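Novice: What follows is the residue order along each chain.
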Amino acid sequence: MNDPATVVLTQNLLVFGGLLFVFGMLGFLTRRSMILMFLSLELMLAGVSVNFVAFARFHHNYQGQIFTIMILTVAACEAALALAMVTSLFRRRNTLDIRAWSRLNDLVAMPEAEKPEPVQEVDELIFPHLTPAGLDPSLRPIPARGQEGWNRPFSEDAAVEEVNGRA
Amino acid sequence: MFDLFPKLVAQSALDKLGVADYSLMGYWCIALCGIGYVALQYGMLRNRAIAVVGAVFLAAAALLSTWHQVSSLDTLVLVLFFGLAGMGCISFVTFREPVYAALGFATAVLSSCGVLFMQHAYFVSAATMIVYAGATIIIFLFVLMFAQHERLQTYDLRLNAPVLSAIVCAVLFAVIYYGILNSNLVAAELEALQSRPGANQNDPAIMGSTSELGRGLYTDYLFTVEIAGTLLLVATIGAIGVAARSNEMEAQ
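From first to last, the protein sequence lines stand for chains A and B. The opening position of the first sequence corresponds to residue 424 in the working numbering, with each subsequent residue numbered one higher. The opening position of the second sequence corresponds to residue 5 in the working numbering, with each subsequent residue numbered one higher.
Hints are computed from structural coordinates only; laboratory data are not their basis. Among these hints, one or two may not hold up.
Here chain A is said to cover these stretches of chain B; the calculated rule only asks that three of the stretch's residues, wherever they fall, bring their Cβ under 8 Å from a Cβ of chain A [unchecked claim]:
| id | stretch |
| --- | --- |
| 1 | 96 to 102 |
| 2 | 130 to 139 |
| 3 | 179 to 187 |
In this text the structure is predicted, and so the values were computed from the model without any measurement. Beta carbons are placed, not taken as given, at the ideal position from N, Cα and C, and that holds for glycine.
Chain A on its own, in the form it takes in the complex:
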């Protein structure tokens, strides 16, 4: 049971939490430095914490605050793991740019989609096969750790050039 002022306060707090969340999401979408992306994630978590505390106040119980403490725990774990990952990724490519790792994705800049080969009339059974996707590792194997060139600095232009040149 709450008076109207508390309801308005709860609404304001929810809007504030949403604001923090949305700004965190904006930072996550726009930033390219890995460290700032993880900071944006922390900001989103802070917004969620504000939401939980607002509802704890609204319902006059502690469940929201306890959930917030759990969020703090998860945020601490996430920060530790993220920093370890950022450190090892930085050692490998000597850059914090998230685009240095976009080749883990599908093709960076494929000029046109690879067309499947036309079906030929043969007597044998023809089984369907998947459209080739991604870089062909047999053409240029991605060097394993410790091999030559495994930690060469990433260049976006070179990667695009490489993909375009192959196609």
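Fit chain B to the known structure of chain A by using the hints.
Specialist: Chain B in isolation, oriented as in the chain A frame:
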């Protein structure tokens, strides 16, 4: 047709509740914020005047959104915390120097700790302050200094699709805002209030008592606390594993 330009001054505190003015004002603020953000990002690299216009838009959005909120000293302090957190968020998404951006993040989180403190969540506020603004920001600054080049790099200066991201985030925030204002939260509470007029007293014993929170944590939620401890242990081992293995490889 509804009135697109809401009136700026509410008559009373109850006026804010169901009135469409309040809601419309919010959408105007969201639009202003989005335009201001894009103008700020565009102007920072090209034209200072556009950046100033963007900053003015953002300030106007902040003023509009808190215009008729302030009715007591309590609310004033709360609104100041909101504004400080908003400025921290904006500097976090705007500054190109990562250290300044991290300081903006710290401002935002500390201000939200102030907000939490005013909601009688004393322990949560202090813990958030220690974990986020203490541990996280310090460690991030260490990594930043370890990994940062001397000059700003391309990935510091250029953004990923700022206009599209601003539109997406503004739409998301508008949807959240619509959901909050049009939920049956207000209607249900007011109905309950009308059916039992004298029952709007807060329970003083349960609000703001940290010892009650601790008792709840170690009785009802003991299993959760244990799970959280296990999670921390696993994360510590994982972080050490990930970080130490690359040290070893580098030595070889």
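Novice: Each hint needs a verdict: does it hold in this structure or not?
Specialist: Cross-check of the supplied hints:
For the stretch 96 to 102 of chain B, the proposed coverage by chain A is satisfied: 3 residues have a C-beta within less than 8 Å of a C-beta in that chain, meeting the threshold of three. With a cut-off of 8 Å between beta carbons, the stretch 130 to 139 of chain B has 5 residues touching chain A; three or more are needed, and the interface restraint holds. Residues of the stretch 179 to 187 of chain B with a Cβ under 8 Å from some Cβ of chain A number 4, which satisfies the need for three, so the listed coverage holds.
This entry satisfies every hint, going by the numbered hints stated previously.
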